[in-house]
Amino acid sequence: MKRLIGAMAVLFLASACKFNSAGNNTLPIYGNRTPVTKTVDGKTVTDTLYQTIPDFKTINQYGDSITGKSLNGNIYVADFFFTTCPSICPVMHRNMLNVYQAYKNDKDVKIISYTIDPKHDSVNVLKKYADKLGIAGNTWWLLQGKKEEIYKLSESYLVRKPEEDAKQLFIHDGYFILVDKQKRIRGTYDGTVPDQVNHLIANIKILKAEPDQK
Amino acid sequence: MKLKVISALCLLSAILIYACHNDANITFKRYYTTGKVIYTAHCQNCHGSDGQGLSALMPPLTDTAFLRKNKADLSCFIKYGLKDKILIVNKKAYDADMPASDLAPIEIAEVLTYITNSFGNNQGLITLQQAEADLLKCK
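Protein sequences, first through last, are from chains A and B.
Here numbering that gives the first Met the number 0 is used: the first residue of the first sequence is 0, the next is one more, and so on.
Here numbering that gives the first Met the number 0 is used: the first residue of the second sequence is 0, the next is one more, and so on.
Only chain A is shown next, with the shape it has when bound in the complex (with noise of 0.2 Å):
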């Protein structure tokens, strides 16, 4: 009996062993998700309908419109800051411009940061920002939205609301949001640790490779 105890225990702990190996290879996909029964050649299927990130307006660092339809067919990463943020925006860019290195030369995959102070945040200083931080071309978009619907957006990347403090100082965190091409997200990382960064740029690559993102 102790034997077979034992043997049970080898086995489920390989059994754990293979299932994470599993998971390294597809990315879990987050958010709520909810069953729809519906009929196809007269038989009834159950599907699955994940949380998706809602269509959105706003404007680009070039003064171009931008929704989530400019979207399609990218995987993207997304991000919330402003530009006159004197605590962990400026980490967060740093470690994102190390993403914005690794895929600037891939069409599929794009960089947006909206900003929470759209007051501040005109296409021309966001155009200003991008310059120095030395992002160029259509890989890493920042974009300025309506300040309620950009706040409202937060919440379908299942991020903290930004808020506004006394100081009129707009408290966020610091998380990168991984969204596939079927606006699913599929991982998020503290933009503000250099290790879990490094984790996302290989996660894109990983998430690149299952078939549903070809």
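No lab work stands behind these hints, which were simulated from the structure alone.
Quick look at which bits of chain A chain B covers, simulated, 3 or more residues with Cβ under 8 Å:
1) 77 to 89
2) 92 to 103
3) 119 to 133
Every residue gets a Cβ at the ideal spot worked out from N, C-alpha and C, and that includes glycine.
Please build the complex by placing chain B on the supplied structure of chain A, with the hints as guidance.
Same frame as chain A, but now just chain B:
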């Protein structure tokens, strides 16, 4: 006899010099170590873990000539921040604002000791007295 007195005096002064030197060394190390902690908490986000700055947004802290030339103003930069000023660092212009900080004079002296002796800089101790004197002359 004379020789003995002289050699004793020499020995004594040598010990004194060594002790003082050692004392200064300990003070420097204390400032530097605390300064590093303050740097990590208050400066590193913008100026980077190696003082490398961030592209053209945040100036690096590696321009030794700049630090030497502006030594007397560095305490004021940290305490009151910078607004609408253009600094030329490593031959490049930086015009971003720097936020003011609520660091105490001793902390300013410590973090300046760390900065001016890291990232390729080697300018020695900046004492509390020096930082306090500099802070009185802020423009």
